[in-house]
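**Q** Here are the chains, one letter per residue:
Number of protein chains: 2
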Amino acid sequence: MTSETSHTLQPLDQDILDKMHAYWRAANYLSVGQIYLYDNPLLKQPLQASHIKPRLLGHWGTTPGLNFIYVHLNRAIKQRDLNMIYIAGPGHGGPALVANTYLEGSYSETYPEISEDEAGLKRLFKQFSFPGGVPSHVAPETPGSIHEGGELGYALSHAYGAAFDNPDLVVACVVGDGEAETGALATSWHSNKFLNPEHDGAVLPILHLNGYKIASPTVLARIPNDELEALFYGYGYTPYFVEGDDPKQMHQLMAATLDKAMEQIRHIQNDAREHGVHLRPRWPMIILRSPKGWTGPEEVDGKKTEGTFRSHQVPMGDMDKEGHVEILNKWMQSYRPEELFDDSGKLKAELAALAPEGDRRMGANPHANGGQLLQDLALPDFRDYAVEVKKPGATKGEATRVMGKFLRDVMQKNLDAKNFRLFSPDENNSNRWQDVLDVTGRTWMGEMIPGDDKLSKDGRVMEMLSEHQCQGWLEGYLLTGRHGFFSCYEAFIHIIDSMFNQHAKWLKICNQIPWRKPIASLNYLLSSHVWRQDHNGFSHQDPGFIDHVVNKKAEVVRVYLPPDANTLLSVTDHCLRSRNYVNVVVAGKQASPQWLDMESAVKHCTAGIGVWEWASNDNGQTPDLVMACCGDVPTMETLAAVKLLNMFVPELKVRVINVVDLMKLQSPSEHPHGLEEDAFDDLFTQDKPIIFAYHGYPMLIHRLTYRRTNHKNLHVHGFKEEGTTTTPFDMAVINGLDRFHLMENAVKNLHELPSDKVSEIELFIQQKLAEHHEYIREHGQDLPEIRDWQWNG
Amino acid sequence: MTSETSHTLQPLDQDILDKMHAYWRAANYLSVGQIYLYDNPLLKQPLQASHIKPRLLGHWGTTPGLNFIYVHLNRAIKQRDLNMIYIAGPGHGGPALVANTYLEGSYSETYPEISEDEAGLKRLFKQFSFPGGVPSHVAPETPGSIHEGGELGYALSHAYGAAFDNPDLVVACVVGDGEAETGALATSWHSNKFLNPEHDGAVLPILHLNGYKIASPTVLARIPNDELEALFYGYGYTPYFVEGDDPKQMHQLMAATLDKAMEQIRHIQNDAREHGVHLRPRWPMIILRSPKGWTGPEEVDGKKTEGTFRSHQVPMGDMDKEGHVEILNKWMQSYRPEELFDDSGKLKAELAALAPEGDRRMGANPHANGGQLLQDLALPDFRDYAVEVKKPGATKGEATRVMGKFLRDVMQKNLDAKNFRLFSPDENNSNRWQDVLDVTGRTWMGEMIPGDDKLSKDGRVMEMLSEHQCQGWLEGYLLTGRHGFFSCYEAFIHIIDSMFNQHAKWLKICNQIPWRKPIASLNYLLSSHVWRQDHNGFSHQDPGFIDHVVNKKAEVVRVYLPPDANTLLSVTDHCLRSRNYVNVVVAGKQASPQWLDMESAVKHCTAGIGVWEWASNDNGQTPDLVMACCGDVPTMETLAAVKLLNMFVPELKVRVINVVDLMKLQSPSEHPHGLEEDAFDDLFTQDKPIIFAYHGYPMLIHRLTYRRTNHKNLHVHGFKEEGTTTTPFDMAVINGLDRFHLMENAVKNLHELPSDKVSEIELFIQQKLAEHHEYIREHGQDLPEIRDWQWNG
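Protein chains in written order, with UniProt numbering: chain X, 1 to 793; chain B, 1 to 793.
Hints are supplied without guarantee of correctness; some may be wrong.
Copies of the same chain look alike in the list, so a pair counts if it fits in one copy or across any two.
Unchecked claim - Straight-line C-alpha distance at most 30 Å; calculated DSSO-like pairs for lysine-lysine:
id	residue 1	residue 2
1	Lys643	Lys348
2	Lys193	Lys405
3	Lys44	Lys603
4	Lys720	Lys321
5	Lys553	Lys321
6	Lys553	Lys720
7	Lys405	Lys304
8	Lys321	Lys768
9	Lys553	Lys712
10	Lys768	Lys553
11	Lys603	Lys768
12	Lys457	Lys653
13	Lys712	Lys688
14	Lys19	Lys348
15	Lys748	Lys712
Honestly, the hints are just simulated from the structure, not real lab data.
Keep in mind it's a predicted model, so treat the numbers as computed, not measured.
Just need the whole structure built from these sequences, with the hints factored in.
**A** Okay, here's the thing in structure tokens:
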């Protein structure tokens, strides 16, 4: 194990050192100004209470560190002509990224009204955390950002996601020591086992030991350096320490360390690209230890502030207090604004010269506005992968396996473009996408041994047993203008509920920002779903992610439950072409009846919802009963129930409706996909009973349809949170989603049926369920007539 | 850095070595039997296809390793009279824990029909992953378990949670190398910075490097040992390696290593307890590297199986295939069952003697059935903390700060019992529970420096910036019979959505298991909520956890939204007394109007929902309009709207309803708290407009009430996913939850109002909103009349 510090190196001559320090002061000045000032941005007049915002909001603590890093990265970029973006894990340091992009000019180019003069400065300050202005966090509004950082933990996954397949890119990623305590961040250090120096870019993690969170110290700031060093060596990095509080010394140290790290990266890439070195390299990382609220007031109201948790947000929240205005004045004057900005309020030219130019500026790098770089995927015709369905239900197929064949060829067609990857927490094959591995391997830079299956340093299937990593990598990959699909066990996708939230919020805001170009949608395949968890059981049974998703803005979320392979193909194609959505696709992997030939599937998916006439006997007349279904298992059970009803009550007119696009159910006022009220009434009638078999929690269907005319006659069957390791059909039975319970409920709601008919059917159902229970308790599998059941059209 | 292996030590003499090996074989035999056999449990007859289950389900891969560890822990327990429980991170190894608790006798004591004879063996085998039987994972049904492990990542947090305040307990925690890749697990190694050897127990982590997940290798199995060693040194442990595949050598090595680890633990505890050593110790951990599917078939169908991913589930899934029955037969015979079990099928006495006795058996340890040990908290009278409310709205108060005072004294009263802790991702003070720190500190075993705030090695407030850790620790603490409360920012509680799921599922199953005694409820305070995220903004605004929670079984979830401090006190008291629930409490921390004096608060909370007569003017008659509210900000806005309505239309009869217990809204058929239909109609009328102001997503209210008579007249206002950093009142405005929008919607639905009155009100609203917008854009804060608004009863 080695680690080095660079105390003896002095790479900066006095002139550049002075200028860099001044640039840093300028960034700090602008940061403090954003938090506090309403007016008098250059302090040309004596500071008064009236110049200060009435509500002081924001986070100072991490900001000077973020500024310090930015000025040093600028130097590295200029010196080496680097293609670099900056990920600010401590998103609370919003003022820093705004300040720096303003100083380098990219902010004013993006927002011309925030001009490079005194008036622009005033607007810059005022807008921060101000109604109608910009948020206090690094956000979509911030040029150069692909990472919000409001919810902590995902900086490094985003960084690696951005670096994959971007060989020239260097992603500088600041990780806060608070964030470093989160689970997602703690495992994301291992991303280096999935980064190939030959054709991926580099990530330079900078762990910023600020020392404190909101109130408590941080774990990593309070373990000895030998543990820290060992930890990051163990994670596979060479850690370099930059520690101190004297700015001039720290500038030299940081510059020397950054030089070393960039050299190491160059060597690693050179070895891989020119000399065929294929071992996993030991990448550099930097541990920067500096005081929280560095350069801020040392003491406020007799309490130590700089270097303590009291610097976390606004060091002096209450400016009415005696002496606080003067503290702020001294603090801001300590940066000597008159040396930084000319009379007009523009950054002095010799300082402005420190920033990179054009797209090399981190606030203007196109990778941070990935839509600019986005190329459409080359897609084969999904119809070519159709399962032959001569008549509905006559063949069986594994829907996700068929999807895997399509994805294999999508992968193949885009191998050269290097802009498509699949992500999964080790469930790629379990979810039946194994054919993809015929054209690309599983990404793996770790040791390989005989017996390993389809590992490859160049693989494009990314599997790590961390849903957080899969989601974070994919987000980073999409946000920098590429494409992907995330396959996950349905139950465990809840692990990234909160990450989905943040991404959906990001997309929602981007829709309101013209300069943010649309990016590829975030696509989920949820398989190994609640109804087929044969190896696992109750812990693996949870269809609630859909409920979670539909709370987000309708304009960014889509949910599809294709009932078979051909509809899944059609939906998949659609998702891969769509932009700025989160698409959730739920589909089973087990052999199941196939209902629609490709032509019908395309038509059905285009409509999103429709009558299955071949399964209905209402012949276009008003039906007596509507049997609706959404999801593969509910569809099968519904059709089986319809068959039984046809048998017992042939004269009963039953209409079968299948839903692929869940959002069709909602009113058009609530979701752009929502079916018009008349069309809905035409389908579901205004007054006939509807038995609705749904894949997930029944409440969701009520919630989506509560405004619909016939809602009072809607009876939904779905997952009632009853589960265990049992047979597939028994899972349906214990939740009342099976054909018998569906039929029973239909009969219960058909008030015109003669009572002897009702009794006959009820008796039949009781017998069948008893037979089922007896058989499975004895044989451990479903009755042959259930296993072999076929629709017989 | 040091690490040691113990190659040279041979602590086991031949006799004990042979016996331990035999015991291990017995456990492996029983494990294989569970996965495969339907009959012929002792292989007394030649094995035939008919003896084999028709559906083969389960996970073999991790099982022999779990068995190996169990037999060695048994030896350690007996030798040192240890009080030990076993947490099986690889929950997929269900057969191992069932096998071992069966061998030690605790299983048959718990389930007498699974007797210690051939008939019992047959039932033991058959029930596994069989309908009506036991799940394939370690589960609530498994004696000795507090950890399901279906969803991976929480083993070590659970282990530490169990160890806190249990000085005599040793929690052996097996961490799978798949699980080790998850975020939650990766950060949970740092739990050692929060464990005090003086009065907490010990955790012995055993990282089991099996090598593979479902299909891919694991990260930690494919980094060199020097990185592994450094990583765990960096995490603060001394790692000991136990590596190999030769069972006899491995037994010696494991025994020697376990001896060393137990000695080290004893020394650490002795130093802290007897010699006043207060430094954070370096705890031992074991890295066990053994083949996946160890002792299983070397090869199946020409493919290497033992030691590869093909052993993950059932090595031969298809027993119809040529030769598979014979492979199974050879495999099972390789354990030589005739040497292990006597003729009756009972484990031979000399082997049974290896197991600990009574409660020392890990399957019978009362800590793993925490309800057995649970003591009620000593609670002060919450009424003593009442905020004085002479008339509604006359005083302001910070609800969660008042709650903090109550919790301070709860803490105080139970300091000696050491059975109450608070958990928070560094948000204890931010959520205003700081008074608790007057009686106990923040738990901290890391370095302390001047300027730190209320850190203490003996602290009972646990803060780490990881919601996963807070949740995992708390679960472990509760499951071993103690009490706690988790305070979290509302938006970020989604980080543990999936952990909540698993805990709720655990509780649901426990309700069906008579021997599982009730445990204290898992209590959440969600504060810093969506309506008051002044420092943050959109990323911090998400009230959807409630939606997620109510998908779980009604019998285990409760949701409370007290509108002020006194109601919050009453709810808090109730939560601390309740058992086997998950209680979600949402309350604000900002200074807000106080509505109810303590007597009224208790009455209101007991009812859970009710008319606020002092705010209504229907005087017990049928109202013209119902204004309902749930949550603190919605309550304030509703009351303000009512005031405006009173002013404009004094003759209008308005009824104000406040909801504390959200589940009151649901039908009694769906939730035990649900209001009876008649009572609901009495409150909400059958046909009058209801304007419902709700804290969260409006859809939830529709979903809970869609069956109610007057649902068609229900208009819900809530969070519409519109947010940013803006003023408190503007947050309400942009989501339409403010007094003006509430009033506007009321007027819109009061069809009898004269049109000139309607126009007058609409004009007023437009003016007010314009005034608001103008003011906040200019001043950055709300209009004085909004900020200073007071109910004037």
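**Q** Cα distance capped at 30 Å. Does Lys321 pair with Lys768 within a copy, between copies, both, or neither?
**A** neither (79 Å within a copy, 33 Å between copies)
**Q** Can you give me the call for Lys603 and Lys768, within, between, both or neither, at a CA distance of at most 30 Å?
**A** neither (37 Å within a copy, 50 Å between copies)
**Q** With 30 Å as the alpha-carbon cut-off, assign the pair Lys44 and Lys603 to within, between, both or neither.
**A** Neither: 69 Å inside a copy, 60 Å across copies.
**Q** Could you figure out if Lys768 and Lys553 sit no more than 30 Å apart (CA to CA) within one copy, between two copies, both or neither?
**A** between (45 Å within a copy, 28 Å between copies)
**Q** 30 Å Cα cut-off: does Lys553 pair with Lys712 within a copy, between copies, both or neither?
**A** both (27 Å within a copy, 24 Å between copies)
**Q** Give the relationship of Lys720 and Lys321 under a CA distance limit of 30 Å: within one copy only, between copies only, both, or neither.
**A** Neither way: Lys720 and Lys321 sit 58 Å apart in one copy and 38 Å across, limit 30 Å.
**Q** Up to 30 Å between alpha-carbons, please classify Lys712 paired with Lys688: within, between, both or neither.
**A** both (10 Å within a copy, 19 Å between copies)
**Q** Please work out whether the CA atoms of Lys748 and Lys712 approach to 30 Å or closer within one copy, between two copies, in both situations, or in neither?
**A** both (15 Å within a copy, 25 Å between copies)
**Q** Tell me, please, which holds for Lys193 and Lys405 at an alpha-carbon limit of 30 Å: within, between, both or neither?
**A** Within one copy, since 27 Å is at most 30 Å while 49 Å is not.
**Q** Could you place Lys457 and Lys653 in one of the four classes (within, between, both, neither) given a Cα distance threshold of 30 Å?
**A** Classified as neither; 59 Å inside a copy, 73 Å across copies.
**Q** Evaluate Lys553 and Lys720 at a C-alpha cut-off of 30 Å and name the case that applies: within, between, both or neither.
**A** both (26 Å within a copy, 8 Å between copies)
**Q** How would you label the pair Lys405, Lys304 (within, between, both, or neither) given a Cα cut-off of 30 Å?
**A** between (63 Å within a copy, 27 Å between copies)
Of the numbered hints given earlier, the model fails hints 1, 3, 4, 5, 8, 11, 12; all others are met.
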